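Peer 1: The task is simple: from the sequences and hints, build the whole structure.
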Amino acid sequence: MTGRAGGPGPVGRLLQPLLLLYPARFRRAYGYEMLRFADARCARARAERGRAAALVCAVQVAADFAWNGIQARLYGGPSDAAPAQRTGGHMTLHVRTQLRDAARSLRREPGFAATVVLTLAIGSGATLALFGIVDAALLRPLPYPQADRLFSIVQRDARFGLTPFAPPYLSDLRERLQGFDVVGGFSPAWTMTLTGRGEPRIVTGAYVSDRVFELLGVEAVRGRLFLQGEHVEGGGRVAVVSEGFWEGAFGAATPLEGQTIRLDGVPHTIVGIVPQGFRLPIKDSAVTQGRPSASLWLPFALNPYATLRMVPVMNVIGRLRTGVTPAAARAEIEAVGRTLARDFPEHAGTLEATAVTLDELVTAEARPVVWPLFGAAVFLLLIACANVANLLLARGATRRHEVAIRASLGATRRRIVGQFLTESLVLAAAGCALGLLLAQWMLGVVPSLGLEGLPPSADIRLEGRLVLFTAVLAGLTAVAFGLVPAVRASGDGSGALLKTGARVAAGGTRLRRGLVAAQAALAVALLAGGGLLARSFLQLTHVDPGFLADGVLAVPIDLGAVDPPRRGVFLDQLAERLRGLPGVTHVSAVNRSPLSGSNVLVGVEIEGNPVTAREPVPMDRRVVTPGYFQALQVPLIEGREFGSSDRSDGSLRVAIVNEAAGRLWADGRAVGGRLRLMLQSGPGPWLTVVGVSGNVLHERLDRAARPEVSVPYSQAAVGSMIVLVRTRGDAAALTAGAKAQVWALNPDLPLDGVRPLAHALTDAVSEPRFRMWLLNGFAALALLMAALGIYAVTAYTVTRRTRDIGVRMALGAKRSDVLRLVLGDGLRPVLWGGVAGLAASFWLTRAIGRLLFGVTPVDPLTYTAAVSVLLAAAFLAAYLPARRASRIEPVIALRVE
Amino acid sequence: MRSQSGPSVEGYLPLTTVAFEILLAASEGERHAYDIMLAIERRTAGRVSLNPGTLYRAVDRLVREGLLEALERRPAHERDVRKMFRLSRLGARVAAAEAARLADQVDAARTRRLLRRPGRA
Numbered sequence: 001m002t003g004r005a006g007g008p009g010p011v012g013r014l015l016q017p018l019l020l021l022y023p024a025r026f027r028r029a030y031g032y033e034m035l036r037f038a039d040a041r042c043a044r045a046r047a048e049r050g051r052a053a054a055l056v057c058a059v060q061v062a063a064d065f066a067w068n069g070i071q072a073r074l075y076g077g078p079s080d081a082a083p084a085q086r087t088g089g090h091m092t093l094h095v096r097t098q099l100r101d102a103a104r105s106l107r108r109e110p111g112f113a114a115t116v117v118l119t120l121a122i123g124s125g126a127t128l129a130l131f132g133i134v135d136a137a138l139l140r141p142l143p144y145p146q147a148d149r150l151f152s153i154v155q156r157d158a159r160f161g162l163t164p165f166a167p168p169y170l171s172d173l174r175e176r177l178q179g180f181d182v183v184g185g186f187s188p189a190w191t192m193t194l195t196g197r198g199e200p201r202i203v204t205g206a207y208v209s210d211r212v213f214e215l216l217g218v219e220a221v222r223g224r225l226f227l228q229g230e231h232v233e234g235g236g237r238v239a240v241v242s243e244g245f246w247e248g249a250f251g252a253a254t255p256l257e258g259q260t261i262r263l264d265g266v267p268h269t270i271v272g273i274v275p276q277g278f279r280l281p282i283k284d285s286a287v288t289q290g291r292p293s294a295s296l297w298l299p300f301a302l303n304p305y306a307t308l309r310m311v312p313v314m315n316v317i318g319r320l321r322t323g324v325t326p327a328a329a330r331a332e333i334e335a336v337g338r339t340l341a342r343d344f345p346e347h348a349g350t351l352e353a354t355a356v357t358l359d360e361l362v363t364a365e366a367r368p369v370v371w372p373l374f375g376a377a378v379f380l381l382l383i384a385c386a387n388v389a390n391l392l393l394a395r396g397a398t399r400r401h402e403v404a405i406r407a408s409l410g411a412t413r414r415r416i417v418g419q420f421l422t423e424s425l426v427l428a429a430a431g432c433a434l435g436l437l438l439a440q441w442m443l444g445v446v447p448s449l450g451l452e453g454l455p456p457s458a459d460i461r462l463e464g465r466l467v468l469f470t471a472v473l474a475g476l477t478a479v480a481f482g483l484v485p486a487v488r489a490s491g492d493g494s495g496a497l498l499k500t501g502a503r504v505a506a507g508g509t510r511l512r513r514g515l516v517a518a519q520a521a522l523a524v525a526l527l528a529g530g531g532l533l534a535r536s537f538l539q540l541t542h543v544d545p546g547f548l549a550d551g552v553l554a555v556p557i558d559l560g561a562v563d564p565p566r567r568g569v570f571l572d573q574l575a576e577r578l579r580g581l582p583g584v585t586h587v588s589a590v591n592r593s594p595l596s597g598s599n600v601l602v603g604v605e606i607e608g609n610p611v612t613a614r615e616p617v618p619m620d621r622r623v624v625t626p627g628y629f630q631a632l633q634v635p636l637i638e639g640r641e642f643g644s645s646d647r648s649d650g651s652l653r654v655a656i657v658n659e660a661a662g663r664l665w666a667d668g669r670a671v672g673g674r675l676r677l678m679l680q681s682g683p684g685p686w687l688t689v690v691g692v693s694g695n696v697l698h699e700r701l702d703r704a705a706r707p708e709v710s711v712p713y714s715q716a717a718v719g720s721m722i723v724l725v726r727t728r729g730d731a732a733a734l735t736a737g738a739k740a741q742v743w744a745l746n747p748d749l750p751l752d753g754v755r756p757l758a759h760a761l762t763d764a765v766s767e768p769r770f771r772m773w774l775l776n777g778f779a780a781l782a783l784l785m786a787a788l789g790i791y792a793v794t795a796y797t798v799t800r801r802t803r804d805i806g807v808r809m810a811l812g813a814k815r816s817d818v819l820r821l822v823l824g825d826g827l828r829p830v831l832w833g834g835v836a837g838l839a840a841s842f843w844l845t846r847a848i849g850r851l852l853f854g855v856t857p858v859d860p861l862t863y864t865a866a867v868s869v870l871l872a873a874a875f876l877a878a879y880l881p882a883r884r885a886s887r888i889e890p891v892i893a894l895r896v897e
Numbered sequence: 001m002r003s004q005s006g007p008s009v010e011g012y013l014p015l016t017t018v019a020f021e022i023l024l025a026a027s028e029g030e031r032h033a034y035d036i037m038l039a040i041e042r043r044t045a046g047r048v049s050l051n052p053g054t055l056y057r058a059v060d061r062l063v064r065e066g067l068l069e070a071l072e073r074r075p076a077h078e079r080d081v082r083k084m085f086r087l088s089r090l091g092a093r094v095a096a097a098e099a100a101r102l103a104d105q106v107d108a109a110r111t112r113r114l115l116r117r118p119g120r121a
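Which chain is which? The protein sequence lines are P and Z, in order. For the first sequence, my numbering begins at 1 and goes up steadily by one. For the second sequence, my numbering begins at 1 and goes up steadily by one.
Hints were generated in silico from the structure; no laboratory data involved. Hints may be right or wrong, so weigh each one.
[To be verified] Only some residues are given here: those of chain P computed to face chain Z with a beta carbon under 8 angstroms:
1. F26
2. A40
3. A72
4. G668
5. D752
6. F842
7. W843
Remember, predicted model here, so these are calculated numbers, not experimental data. C-beta atoms are modelled at their ideal positions from N, C-alpha and C, and glycine is treated no differently.
Peer 2: So this is what it looks like as structure tokens:
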């Protein structure tokens with residue numbers, strides 16, 4: 001039961017490097033068995049008490065490995081095999097004794113101990129948490145079998161970038177692609193209304209083709225997955241649900257057989273349940289953002305667009321055949337794309353197929369966000385280590401006297417070094433343990449922040465190797481810088497050190513100043529980065545979105561439960577009722593509200609523009625009811641709004657375009673011109689432009705408005721609308737009243753997304769705001785630590801030079817001279833470091849270039865501010881001890897020591 | 001360099017808790033380090049649970065002092081050679097002396113009424 005034969009397991013492999021701490025003889029005799037022991041121990045912890053226990057076990061074992069390795073080297077007996085000499089009858093200097101000594105020594109200086117522990121905790125905690133995110137988002141392979149051979153097969157479109165395929169292309173791709181052994185497709189997340197089980201509610205599902213579950217390695221925990229016959233049209237309305245969905249809707253104990261759910265009013269039979277953790281490898285679409293990810297899956301044959309070659313709603317993935325290289329596969333896909341474009345010119349005119357690994361596709365968005373933050377965390381850890389080093393060096397130097405006394409009383413060098421080492425290790429261990437807790441806490445918070453670009457399957461947790469890495473780094477810092485003074489002190493002839501006024505070697509001072517300079521450099525870089533993000537954020541909050549969100553309540557309504565012919569009347573009646581509420585001034589409705597993150601794109605042909613006839617211009621298509629522009633206070637630049645006269649019965653088909661679209665008319669006069677939309681069924685009827693509205697930022701605040709065309713609901717009914725209610729008062733206060741009016745008309749409508757429209761604006765900047773606070777949080781901590789370091793060094797210098805200063809003052813130096821002397825000494829390394837940091841920032845801030853808005857990475861204002869803040873903090877940190885120095889009474893100073 | 005008139009057992013006393021526990025576990029027969037850890041855990045009801053570094057360092061020390069003997073064995077169903085440990089003659093004498101020393105202390109505690117009942121070991 002000591003692990004599997006033939007090499008150490010996961011924990012053992014992790015610990016292997018630590019074996020180097022042991023003497024070679026020891027390593028040869030026991031190394032391999034120790035690793036297997038560690039494996040077995042942690043495997044048992046996992047089996048008995050779960051993952052967390054295994055992690056704790058791994059950390060404990062690692063600490064034990066390290067500790068005993070060092071002990072074995074220091075006291076582990078001779079490398080010759082002679083029996084050890086017995087001294088005083090003790091088998092070993094017991095670990096506990098040393099720990100007790102260390103604790104006693106540290107307790108005498110609680111401030112010092114607390115500073116070191118906290119510094120290490122903050123540095124290691126931040127790094128661990130950020131590394132947990134980096135790991136989940138970018139490094140860990142996707143949780144699918146053979147994930148490195150899974151490719152996403154996409155179309156590359158000049159205008160939209162990488163897009164999915166229209167569903168019918170799946171069979172063509174399967175026929176023509178030889179380099180893949182399995183190809184399947186699935187839809188983006190799709191919202192549906194669930195009725196009949198408690199209150200009606202919106203649920204998120206997705207449509208999957210055959211073989212998708214197989215590709216992603218999921219199996220039913222109860223029941224079965226879809227049969228081949230269910231993947232063809234008319235194959236039956238069936239669904240597979242997640243464990244969580246099942247428990248919520250039916251209760252875990254309910255037997256599966258024959259249970260049905262109503263989705264958009266249509267009954268579906270549940271045939272199987274899949275594990276709760278299963279996710280499709282896509283980011284949730286904008287429509288489903290903020291809702292839980294898909295919890296039920298339907299055969300793709302049931303998708304409303306399953307047979308349409310115009311609508312790209314299928315994400316195609318394939319698994320590379322063994323022996324086929326990614327390059328060969330990509331070449332094949334491109335060739336197949338060309339044949340598809342030839343065979344389906346009317347649909348696939350711009351089709352250019354390509355393949356990206358699933359990993360790339362899923363992590364593409366996270367990269368620019370996560371790496372800089374991780375870099376910042378590493379900087380913080382480095383600063384923390386520099387600070388700890390500094391504190392340890394300073395403390396070590398002040399203890400030379402103590403060391404000398406102990407040495408003269410007969411303590412061996414080994415014993416003294418051992419004690420310093422123990423103290424350092426105790427500090428490092430405490431700091432890392434606290435850091436681990438801090439990281440756990442931070443990672444608990446992260447998912448609720450909705451960090452942009454985290455892949456859907458990202459499961460953020462702390463990996464053992466990472467914990468070990470941080471612990472080793474912190475441990476090495478503590479050990480190395482804790483040992484330097486001990487070795488130096490105990491190596492000197494003790495007699496010399498006991499002499500009064502013995503001087504400290506200058507080398508230590510230089511090292512400390514170097515560390516301060518390094519801290520200053522790192523802090524400036526962080527401050528510059530944080531400053532740039534803060535300026536970006538400010539710019540973003542000052543962007544005019546083109547509409548007035550204050551005072552508007554958004555009431556999303558899924559019209560699935562209303563008969564299609566009655567929907568227009570329903571909306572009219574609802575508007576009438578809502579207008580009757582106190583304070584309400586305008587009521588209108590739109591299919592996609594601004595900054596909701598979702599849009600419907602449509603190709604548009606402009607009459608008299610031959611280019612658009614060949615290649616329609618993509619525009620956002622908005623379906624609105626009369627009074628929409630007035631309700632949102634979007635200015636009408638020309639022409640008129642839609643009115644009740646714009647009806648479906650043979651009256652003029654009309655459209656309103658925004659300024660960006662208006663420019664597409666040759667003479668700039670859009671009103672009176674005509675356009676038509678390329679719909680799923682082919683070109684739509686010609687629409688006459690009756691108005692030009694101002695631009696509204698529909699997608700994001702940091703992107704320019706796109707061309708947009710609005711059509712009246714009466715001439716283009718859609719299945720769900722967002723009713724916008726403008727009130728003179730507080731929009732949120734209207735929520736209950738508005739809901740009551742909807743339910744008075746139809747009690748079956750789910751109403752779970754009602755909220756003030758202003759929240760959309762807040763949401764639009766929540767991500768940049770989060771990034772800004774995070775990076776500036778790091779910067780503030782870095783600044784604090786750097787200031788602490790400067791303070792510690794300056795204060796130490798003052799203590800050491802008390803006599804020197806006393807002599808100067810006795811010889812006539814003024815208090816201001818002393819102040820200048822000490823300040824200069826303290827600030828000089830900060831200046832060097834600041835300059836170095838500034839130089840580094842020019843290069844480093846490019847990494848966050850993509851996160852910036854309205855400010856360049858080399859913004860002089862930000863840089864000046866970063867250096868100023870650092871200098872101010874440094875001045876304060878150095879001034880306190882400097883002032884103390886200037887108040888030294890020469891007579892007293894000369895009596896010191 | 002040791003005096004060869006039969007090694008003096010007293011020179012090894014007192015043993016550390018860990019060393020004594022290991023000798024106790026090894027006195028039951030040939031054992032692998034992991035089994036020693038399990039035996040100690042069982043005996044102390046989990047109060048003493050040794051990590052590999054601590055255990056092997058202590059075992060190494062005991063082997064070098066001649067209290068334990070290290071043997072290499074290959075179990076029938078396994079490919080790897082495993083290191084087994086068993087109590088040496090000297091080890092048995094040292095363990096007995098340590099037990100006697102402890103018993104003496106326990107007796108002393110009893111006569112001074114620090115320990116009431118004849119408690120368990």
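Peer 1: For every hint, state whether the structure bears it out.
Peer 2: Hints, one by one, checked against the model:
1. Hint status for F26(P): holds, given a least beta-carbon distance of 6 angstroms to chain Z, under 8 angstroms.
2. The beta carbon of A40(P) is positioned within 8 angstroms of a beta carbon in chain Z (closest approach about 6 angstroms), and the interface hint is therefore held.
3. Among the interface hints, the one on A72(P) holds; its C-beta lies about 5 angstroms from the nearest C-beta in chain Z, closer than the 8 angstroms criterion.
4. A distance limit of 8 angstroms between C-beta atoms decides the matter here; for G668(P) the minimum to chain Z is near 79 angstroms, and the interface restraint is violated.
5. Because the smallest distance between the Cβ of D752(P) and any Cβ of chain Z comes to about 50 angstroms, over 8 angstroms, the interface hint for this residue is violated.
6. A cut of 8 angstroms between beta carbons decides the hint on F842(P): the least distance to chain Z is about 47 angstroms, and the hint is violated.
7. Against a cut-off of 8 angstroms between C-beta atoms, the interface hint on W843(P) is violated, since the closest Cβ of chain Z lies about 43 angstroms away.
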